[in-house]
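Protein chains in written order, with our numbering: chain H, 16 to 395; chain V, 19 to 240; chain W, 2 to 92.
Among the hints, a few may not be true.
From chain H, some residues computed to sit far from chain V (all C-beta separations above 12 Å) [stated by the list, open to error]:
#	residue
1	Lys107
2	Tyr295
3	Glu310
4	Leu344
List time: in silico DMTMM-like cross-link candidates among lysine to aspartate or glutamate, alpha-carbon distance up to 25 Å [what the hints assert, rightly or not]:
#	chain 1	residue 1	chain 2	residue 2
5	W	Lys62	W	Glu23
6	H	Lys183	H	Glu238
7	V	Lys64	W	Asp33
8	H	Lys18	H	Asp284
9	H	Lys49	W	Glu69
10	V	Lys139	W	Glu73
11	H	Lys100	H	Glu238
12	V	Lys64	W	Glu20
13	H	Lys181	H	Asp110
14	W	Lys75	H	Asp298
15	H	Lys209	W	Glu73
16	V	Lys41	V	Asp203
17	V	Lys68	W	Glu28
18	H	Lys218	W	Glu73
19	H	Lys181	H	Asp105
20	H	Lys126	V	Asp134
Some chain V residues well away from chain H (every beta-carbon gap over 10 Å; in silico) [what the hints assert, rightly or not]:
#	residue
21	Thr28
22	Gly42
23	Tyr55
24	Gly71
25	Phe237
For the record, the hints were derived by calculation from the structure and aren't laboratory data. Just so you know, these numbers come straight off a predicted model, no measurement behind them. Even for Gly, the Cβ is constructed at its ideal location relative to N, Cα and C.
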Amino acid sequence: MRKTFVVADNVISSLGFSTAKNFQNLICGNSGIKIGDYPHLYPEKFPASLVDKNLLNEKAGNLHLQESHTIFEQLLILSISDAIKDLSLDIKSPDTLIILASTKGNVDLLKNNPKGFKADRVHLWRSAQIVGDYFGTAQTPLIISNACISGVMALIAAQRFIAQGKYKYMIVAGCDVLSEFIVSGFQSFMSLSKDICRPFDNKRSGLSLGEGAATIVLSSQEELAKTPNLQIIAGAGSNDANHISGPSRTGEGLFIAINEVLNGNPDVDFISAHGTATPYNDDMESIALKRLGLENIPVNSFKGFIGHTMGAAGIIESIYCFETMRHNLLIKSAGFENPGTSEKINVVKQTQAGNVNCVLKTASGFGGSNAAILFTKNDK
Amino acid sequence: MPQYYSRKMTNKYCITSFSMIGKGKVSQNGLMKKYAYTGDDLLYLKSIYKSLGINYPKFYKMDPLCKLAFLSGEFLLEGIDLKSKYDPSQIALVFSNSASSLFTDINHTNTILDPDQYFPKPAVFVYTLPNIMLGELSIRHTLKGENVFFVSRQFDAGFMSEYTHDLLNTTRLKACIVGWVDYLDQGFESAMFLIENMDAAKCGDLLSPENLEEKIHTFANL
Amino acid sequence: MPIFKNIYMEALIKKLKTEIIEILNLEDLEIDDINTDDPLFNEGLGLDSIDALELIVLMEKEYGIKIEDPAEGKKIFHSVKTMAEFISKNQ
Numbered sequence: 016m017r018k019t020f021v022v023a024d025n026v027i028s029s030l031g032f033s034t035a036k037n038f039q040n041l042i043c044g045n046s047g048i049k050i051g052d053y054p055h056l057y058p059e060k061f062p063a064s065l066v067d068k069n070l071l072n073e074k075a076g077n078l079h080l081q082e083s084h085t086i087f088e089q090l091l092i093l094s095i096s097d098a099i100k101d102l103s104l105d106i107k108s109p110d111t112l113i114i115l116a117s118t119k120g121n122v123d124l125l126k127n128n129p130k131g132f133k134a135d136r137v138h139l140w141r142s143a144q145i146v147g148d149y150f151g152t153a154q155t156p157l158i159i160s161n162a163c164i165s166g167v168m169a170l171i172a173a174q175r176f177i178a179q180g181k182y183k184y185m186i187v188a189g190c191d192v193l194s195e196f197i198v199s200g201f202q203s204f205m206s207l208s209k210d211i212c213r214p215f216d217n218k219r220s221g222l223s224l225g226e227g228a229a230t231i232v233l234s235s236q237e238e239l240a241k242t243p244n245l246q247i248i249a250g251a252g253s254n255d256a257n258h259i260s261g262p263s264r265t266g267e268g269l270f271i272a273i274n275e276v277l278n279g280n281p282d283v284d285f286i287s288a289h290g291t292a293t294p295y296n297d298d299m300e301s302i303a304l305k306r307l308g309l310e311n312i313p314v315n316s317f318k319g320f321i322g323h324t325m326g327a328a329g330i331i332e333s334i335y336c337f338e339t340m341r342h343n344l345l346i347k348s349a350g351f352e353n354p355g356t357s358e359k360i361n362v363v364k365q366t367q368a369g370n371v372n373c374v375l376k377t378a379s380g381f382g383g384s385n386a387a388i389l390f391t392k393n394d395k
Numbered sequence: 019m020p021q022y023y024s025r026k027m028t029n030k031y032c033i034t035s036f037s038m039i040g041k042g043k044v045s046q047n048g049l050m051k052k053y054a055y056t057g058d059d060l061l062y063l064k065s066i067y068k069s070l071g072i073n074y075p076k077f078y079k080m081d082p083l084c085k086l087a088f089l090s091g092e093f094l095l096e097g098i099d100l101k102s103k104y105d106p107s108q109i110a111l112v113f114s115n116s117a118s119s120l121f122t123d124i125n126h127t128n129t130i131l132d133p134d135q136y137f138p139k140p141a142v143f144v145y146t147l148p149n150i151m152l153g154e155l156s157i158r159h160t161l162k163g164e165n166v167f168f169v170s171r172q173f174d175a176g177f178m179s180e181y182t183h184d185l186l187n188t189t190r191l192k193a194c195i196v197g198w199v200d201y202l203d204q205g206f207e208s209a210m211f212l213i214e215n216m217d218a219a220k221c222g223d224l225l226s227p228e229n230l231e232e233k234i235h236t237f238a239n240l
Numbered sequence: 002m003p004i005f006k007n008i009y010m011e012a013l014i015k016k017l018k019t020e021i022i023e024i025l026n027l028e029d030l031e032i033d034d035i036n037t038d039d040p041l042f043n044e045g046l047g048l049d050s051i052d053a054l055e056l057i058v059l060m061e062k063e064y065g066i067k068i069e070d071p072a073e074g075k076k077i078f079h080s081v082k083t084m085a086e087f088i089s090k091n092q
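Next comes chain H alone, as it looks inside the complex (with noise of 0.2 Å):
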């Protein structure tokens, strides 16, 4: 089995365009969700976590995408584009493979098509399409869509693609655009906070929706990775077979996925947790938290910082984990004041220094679906 590393990453959310300007952001405590009007999602004001569009129409200006692509294909483009930037991967050739993750893709377009797209391009696997004929790849990139776990679930199928030898580069890119759609849905849902979410606080009344757009690369090629060298060692999925949208009250199949990435694996100095901020989600990770003997283990949510990106939070939140061993730096749990969880956890109320060597990333989402990763560094 080869070892997986981490060569390269990007990041974009309402928090910047790369991963450096995401960190800067959060090392200076400061939250991409702002409370607005945002009339093309929702007809109230409401907290939403936004990528720059000017800015995004800027950048994909640069690379003549404004008129021909949607905002969630101009958005995966740019993050693959900055990822492999300064890396000397043929993304044409046979030995890489994309794979992406999101859960509604170029949904808006059911309501919203002023470009005027053929029908086909809601699907995902025309987005698919789409991205593998921009970088003119090999082979139609994987897509995988498994509501908000797609990021975690595509990262843990990269690498064992890696360590099973069957490419040398494996691209995992994640993305998802708000839309009326989505935000009209969870609405429905009342699962919204009326104020920017508050992950594990004892008022936390609910998620902040977040859009975004992110990129990991991997490779087999110990050489190709930066330093500190960053590896994927396990990763494991789970379903809670309990209920379609409530979490298991039991942390169920969240303590079966992290359980069995803990198996054998060094001791854990950092989780970043789903975390949305709902009162049952964060319940319920705190109980299968405890159920592990995870209880002091400093835990956050970066929810607080961009919202729940859905099929990007994954990616995102996973280069964030990243950033925090490359700096040796334990991210504050934005948003948390005052334990508010069934069990107590050690979530992280400031941000301080920490030896950050091996971080545990989990997610659960609708459907019962729960995934856990596991990530080691290895000063060269």
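Guided by the hints, dock chains V and W onto chain H, whose structure is given.
Relative to the frame of chain H, chains V and W by itself:
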């Protein structure tokens, strides 16, 4: 269409059960049953449900895509006691389709088209994700293993069989349901395969792209 | 006028039962299968969190009553009787 597959698969994994549903026909391990299809999909799915004689009221809350997956699962696992062989966390679901949840996506969009009649329904929205069918199957059959849902233009037998083979070969998972469940206005189709570790000598149908495709083609031509 | 109130309540209860069966996809049920005073959630019809949200949509769409807090909904939707009483108080 993804061309990804190689012949590096071992002969350890077997198709121990399979089921397919199409318009007017259902196949259970190659045995075909006819069901009257008169053009109304929901009525058709309901009639199949009724014929099974089970009591599962949640069925009626599902969208057509999940109903199709649910029924396919009933035929796939009839008389099979997975619990006696495996821990629930050892049973995986590897699925794909082409339309994702488009049919229900359109339904949800219709609830928000008119600003004066703006009533999005949670019972509709929850089904606007293709992997919800995996949740329904997991609840029904107590399956707690790894789930993954791919979207591809056509069923890729090579990719799905190799992905499943590798999953069973390298992780804690010991059995897997491989599925293609697609629902659109123009048509629907469902194919599910139960894959288990089995001595090649005892196995009638090894997990292979050729075997998956052969079964699908046979059913399509019935 | 108690007589008229009773007739009104009976009609409302019947209407609610029809709506509940339709909106919550309780396909194998008839109006007579739902007891007015029985709990709708947990026991009884075994409705779940999504059903509760659908009832909140029903309240707004059909009766013009907006329920802001899902927790409030729990009390209102205890039984068809409590739903009917809530509607007659708030319309």
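Against the structure, the hints come out as follows:
no., hint, verdict
1, Lys107, "14 Å, holds"
2, Tyr295, "15 Å, holds"
3, Glu310, "22 Å, holds"
4, Leu344, "32 Å, holds"
5, Lys62(W) - Glu23(W), "14 Å, holds"
6, Lys183(H) - Glu238(H), "12 Å, holds"
7, Lys64(V) - Asp33(W), "23 Å, holds"
8, Lys18(H) - Asp284(H), "21 Å, holds"
9, Lys49(H) - Glu69(W), "22 Å, holds"
10, Lys139(V) - Glu73(W), "19 Å, holds"
11, Lys100(H) - Glu238(H), "17 Å, holds"
12, Lys64(V) - Glu20(W), "21 Å, holds"
13, Lys181(H) - Asp110(H), "8 Å, holds"
14, Lys75(W) - Asp298(H), "20 Å, holds"
15, Lys209(H) - Glu73(W), "17 Å, holds"
16, Lys41(V) - Asp203(V), "13 Å, holds"
17, Lys68(V) - Glu28(W), "12 Å, holds"
18, Lys218(H) - Glu73(W), "17 Å, holds"
19, Lys181(H) - Asp105(H), "16 Å, holds"
20, Lys126(H) - Asp134(V), "16 Å, holds"
21, Thr28, "13 Å, holds"
22, Gly42, "27 Å, holds"
23, Tyr55, "26 Å, holds"
24, Gly71, "23 Å, holds"
25, Phe237, "23 Å, holds"
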